[in-house]
Structure formats: C-alpha cells, structure tokens
Amino acid sequence: MTGTGSGTGIATAVLAANPHAHGFLSPTGVEIAFLLVGIVTLGAAVVSVTTRQLVHAALWLVVALGGLAVEYLLLTAEFIAWVQVLIYVGSVVVLLLFGLMLTKAPIGRSPDADSGNRWAALAVAAAAAASLVWVVVDAFRATWIDLDGAPQGTTEVTGEILFRHWVLPFEALSVLLLAALVGAIVLSRRKNEEH
Amino acid sequence: MHLVYPAVLAALLFCVGLYGVLARRNAILVLMSVELMLNAVNLNLVAFDVWLRDELHAGQALTLFTIAIAAAEIGIGLAIVLLVHRNRGTADIDRLRDLSETAPDAATEPADREQKAEAAA
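Order-wise, the sequence lines are chains A and B. Take the first sequence: its position 153, counting from 1, is numbered 153 in the UniProt record's numbering, and each next residue is one higher. Take the second sequence: its position 41, counting from 1, is numbered 41 in the UniProt record's numbering, and each next residue is one higher.
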C-alpha cells in the first residue's frame with residue numbers, strides 16, 4: 001500500500017514481490033474487472049443514445065445501468081448497487097418502457113429518432129469529453145483507491161450513517177417523493193368535466 | 001484501484017448522456033439520456049466516497065438521495081410527456097415550438113385545444 005511504481009518494468013517486478021504495491025497500471029483483478037465492465041457499460045450507453053429503435057434504446061439502458069451496479073459492487077458500495085438494481089433496472093426502465101408504449105412509439109426503426117442538430121450535439125459532447133477527461137486524468141493521475149480493509153458500503157454501514165447523520169434530508173426526501181407522486185397523479189388525471 | 005478509472009468512466013458516461021440530450025428527438029429518449037447523466041454523477045460520488053473514506057459517508061448518502069430524486073424526476077417527466085402527447089398527439093421536442101419567436105404553422109392547428117387546456121388549468 002506504500003509502493004510507488006516508477007515504470008512498468010519496475011512496477012511489475014515490485015508487483016511480483018509485493019502484491020499490494022501500486023504499479024502505474026497495476027493489473028489487479030478488481031481493476032481488470034472494472035475496466036471490462038466499464039467498457040461494456042460505456043458501449044451500451046453509446047448504443048442506447050444512438051440506436052434508431054426506440055424500445056431497443058430502453059433495453060440497452062438496462063445493460064448500462066446494470067453495468068453501473070456491478071461497478072458499485074466492485075467499489076465495495078454494496079447497498080448502492082442493490083438500490084441501483086431495484087430502482088433503476090426495476091422501476092425506472094419499466095416506467096420508460098410504459099412511456100414509450102403509451103406515446104405510441106414506433107416498433108422497429110424510426111428514421112427521425114435523431115433531430116437535425118445531431119452534429120452540433122456530437123461536437124459539444126466530444127469537446128466536453130475531451131476537456132473533462134483531460135482535467136480528471138491530470139488531477140488524479142497519482143491517486144489510488146484503497147479497497148482493502150473493511151468494506152465501505154455494506155448495508156450495515158449505510159443504514160447506520162443514513163439514520164444517524166442523514167435523517168433530516170432523508171425525511172425531506174420522502175416528502176419530495178410524496179409531492180412527486182401527487183404531482184404525477186394530478187398531471188395524468190383525465191379531466192372529466194371537459195367531456 | 002486507480003481513481004482515474006471510475007472518474008474517466010463517469011466523465012465519458014456524462015458526455016454520452018449529454019449527446020443524447022442534445023441529439024434525440026423523442027422526449028422519452030431525452031429522459032433516458034438524463035438518467036445516464038445522473039448515473040455518471042452517482043458513480044463519481046461513490047468513487048470519491050470510497051477514496052476519501054469519509055466518516056459520514058456523504059458520497060453514498062448523496063448517491064441514495066440522487067437515485068430517489070431521479071425516480072421522482074422520471075415520474076413527473078413521464079407524466080408531463082404523456083400529457084403533451086395527449087394534447088398534441090406527438091412527443092417530438094422539435095415540434096413543440098409554441099414559445100419560439102418564429103412559430104411555424106405546425107403549432108396553429110392544436111391551438112384551440114391548448115387554449116382550452118390553459119383555461120381549465
């Protein structure tokens with residue numbers, strides 16, 4: 001946990017001697033898994049925003065959100081991973097599919113899924129990605145997450161901090177959820193007096 | 001684990017969501033892209049929380065709050081999109097041009113229904 005790799009050759013040598021040393025690209029199992037799942041997640045996200053079949057976009061979103069849940073598990077945030085699976089994959093995507101069906105989204109390819117400012121959007125996204133990645137890599141080039149020791153996000157730990165230190169925001173959030181529920185009901189209610 | 005991996009993944013996911021918000025035409029696909037952006041922020045919060053070993057675990061608590069707010073947002077957003085679709089017959093963002101300065105003639109056809117909805121509201 002205190003080693004500093006100064007070159008891949010030295011890093012691998014140090015890694016062979018001490019499996020907990022930080023090489024610059026020390027390929028621990030967790031990192032490899034994180035990278036592979038991250039590639040799958042990013043690919044699913046890209047397909048989800050570029051595919052012309054609207055229902056397939058929602059299904060690729062399931063892959064992206066599930067990949068993110070696996071990333072949370074790899075970061076030892078266990079409770080958040082299951083909340084992610086329950087809420088996003090379980091309810092948000094189902095809501096989105098219901099929305100697609102209720103707005104009579106075309107099944108199959110729809111040629112006008114992308115609007116006319118597609119190339120401007122691509123330019124903006126590429127510029128944002130380049131600047132963000134450059135800043136992030138430059139800032140955290142020599143920073144490592146220490147995943148050893150007690151897990152950071154077990155259900156016990158999360159429940160303890162949530163109900164010991166974050167009770168008031170939690171309650172405020174439940175009021176917000178109630179307001180959203182009432183608002184959704186009011187918005188989607190048919191007005192009978194018009195007919 | 002290198003902190004750069006989750007941070008770069010979060011930045012790239014955010015930019016993919018940004019592209020989707022700007023480039024998609026269907027309102028529900030825009031909502032899906034917003035979800036991607038929120039998830040990128042969540043990944044950043046979790047990664048930095050695990051890195052800093054925060055006593056209060058502020059990152060994980062805020063991630064849970066963000067997930068709840070995203071659920072509320074998707075509910076309200078879908079209700080609004082369904083209402084727009086019921087009143088206008090379309091969920092395309094490009095065709096909802098009532099507030100633009102040079103309103104095309106596409107917005108004049110359902111104007112009477114729109115006025116009725118406004119009067120009812």
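No lab work stands behind these hints, which were simulated from the structure alone. Please read these numbers as outputs of a predicted model, since none were measured by experiment. Do not rely on the hints blindly, as some may be mistaken.
Each computed EDC-like pair below joins lysine to aspartate or glutamate, with the alpha-carbon atoms no more than 20 Å apart [said to hold, decoys possible]:
1) A:K104 to B:D94
2) A:K104 to A:D114
3) A:K104 to B:D92
Just the calculated beta-carbon pair ranges, DEER-fashion [as the list claims (entries may be wrong)]:
4) B:E55 to A:G43: 33 to 41 Å
5) B:L52 to A:V167: 39 to 47 Å
6) A:F98 to B:I93: 48 to 56 Å
7) B:E101 to A:G116: 16 to 24 Å
8) B:I93 to A:E156: 42 to 50 Å
9) B:I93 to A:T154: 17 to 25 Å
10) B:E101 to A:V186: 42 to 50 Å
11) B:L83 to A:S174: 39 to 47 Å
12) A:A139 to B:L83: 22 to 30 Å
13) B:L96 to A:F163: 57 to 65 Å
Where is the CB? At the ideal position from N, CA and C, for every residue including glycine.
Quick rundown of the hints versus the structure:
A C-alpha spacing of about 17 Å is found between A:K104 and B:D94, which places the hinted pair at or below 20 Å, so the restraint holds. The hinted pair formed by A:K104 and A:D114 meets the criterion: a straight-line CA distance of about 17 Å does not exceed 20 Å. Using a Cα cut-off of 20 Å, the hinted pair A:K104 and B:D92 holds, with the two alpha carbons roughly 12 Å apart. Separation of B:E55 from A:G43 is about 37 Å and conforms to the stated range, judged on CB atoms against 33 to 41 Å.
Separated by about 22 Å at the C-beta atoms, B:L52 and A:V167 break the suggested range of 39 to 47 Å. Between A:F98 and B:I93 the Cβ separation comes to about 19 Å, which falls outside the hinted range of 48 to 56 Å. Separation of B:E101 from A:G116 is about 18 Å and conforms to the stated range, judged on CB atoms against 16 to 24 Å. Evaluation of the 42 to 50 Å hint for B:I93 and A:E156 yields a pass: the beta carbon distance comes to about 45 Å.
For the hinted restraint 17 to 25 Å between B:I93 and A:T154, the CB-CB distance of approximately 42 Å leaves it violated. Remark: the range hint 42 to 50 Å for B:E101 to A:V186 is contradicted by a beta-carbon distance near 31 Å. At roughly 25 Å, the beta-carbon separation of B:L83 and A:S174 lies outside the given 39 to 47 Å, and the hint is violated. Between A:A139 and B:L83 the beta carbon distance is about 44 Å. The supplied range of 22 to 30 Å is therefore violated.
Checked against the hint of 57 to 65 Å, the C-beta distance between B:L96 and A:F163 comes to roughly 43 Å, which is inconsistent with it.
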